[in-house]
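K.L.:
Sequence:
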Amino acid sequence: MEGRFHLAIATTDIKRMKAFYGSFLGLKEGRSAATWVDYDFFGHQLTIQEVPLTYRTARVYNPQSNVPSNHWGVVLNIADWRKLRDKVKKLGITFLIEPNTVMKGEVGEQRSLFIEDPDGNAIEFKAMLEEDNLFKKG
409 MEGRFHLAIA TTDIKRMKAF YGSFLGLKEG RSAATWVDYD FFGHQLTIQE
459 VPLTYRTARV YNPQSNVPSN HWGVVLNIAD WRKLRDKVKK LGITFLIEPN
509 TVMKGEVGEQ RSLFIEDPDG NAIEFKAMLE EDNLFKKG
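In terms of our numbering, the sequence shown opens at residue 409 and continues consecutively.
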């Protein structure tokens, strides 16, 4: 079965989120209205909806890895991952988790970095050392 991922998130400031996802990340804008926008998030649909109020709970981290338990992201090829890493550094954006190698020496070895969008959503960008190992059991 094949499909595309769809994620919808809420914001209180659609203009701020458009600046982040459209201008900074350079995502292509799709359909939109005054209070919502769709983006092509690396071939998947990201919808951002403006609402009067959002509630945030305390961030919970995986105790073994210190990774935010609630996050989302994309798997890039290594060249695109490096470009994004360098862009984030150049613009002085703070990493939620600095670029690093995860599961070194294992089947799932990957490069990973985390940033936050303006509303505090944790986003992971990763690249597998061996792209064919994304779903391979170790």
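There could be a bad hint or two in this list.
Derived EDC-like pairs (lysine to aspartate or glutamate); straight-line CA-CA distance at most 20 Å [what the hints assert, rightly or not]: (1) K423 to E458; (2) K497 to D540; (3) K495 to E458; (4) K512 to E524; (5) K544 to D525; (6) K512 to E532; (7) K491 to E506; (8) K545 to E506; (9) K491 to E458; (10) K498 to D540; (11) K495 to D540; (12) K426 to D448; (13) K436 to D446.
Quick list of simulated restraints, FRET-style, between CB atoms [stated by the list, open to error]: (14) N474 to T443: 24 to 30 Å; (15) F413 to V475: 18 to 24 Å; (16) M409 to G513: 29 to 35 Å.
None of these hints come from the bench; they were simulated from the model.
Using N, Cα and C, we set each Cβ at its ideal position, and we do this for glycine too.
K.L.:
Look at each hint and say if it fits the structure.
P.N.:
Hint check:
no.	hint	result
1	K423 to E458	holds (9 Å)
2	K497 to D540	violated (28 Å)
3	K495 to E458	violated (27 Å)
4	K512 to E524	violated (24 Å)
5	K544 to D525	violated (30 Å)
6	K512 to E532	holds (17 Å)
7	K491 to E506	holds (15 Å)
8	K545 to E506	violated (26 Å)
9	K491 to E458	violated (30 Å)
10	K498 to D540	violated (30 Å)
11	K495 to D540	violated (26 Å)
12	K426 to D448	holds (12 Å)
13	K436 to D446	holds (9 Å)
14	N474 to T443: 24 to 30 Å	violated (36 Å)
15	F413 to V475: 18 to 24 Å	holds (19 Å)
16	M409 to G513: 29 to 35 Å	holds (32 Å)
Of the numbered hints listed earlier, those contradicted by the structure are 2, 3, 4, 5, 8, 9, 10, 11, 14.
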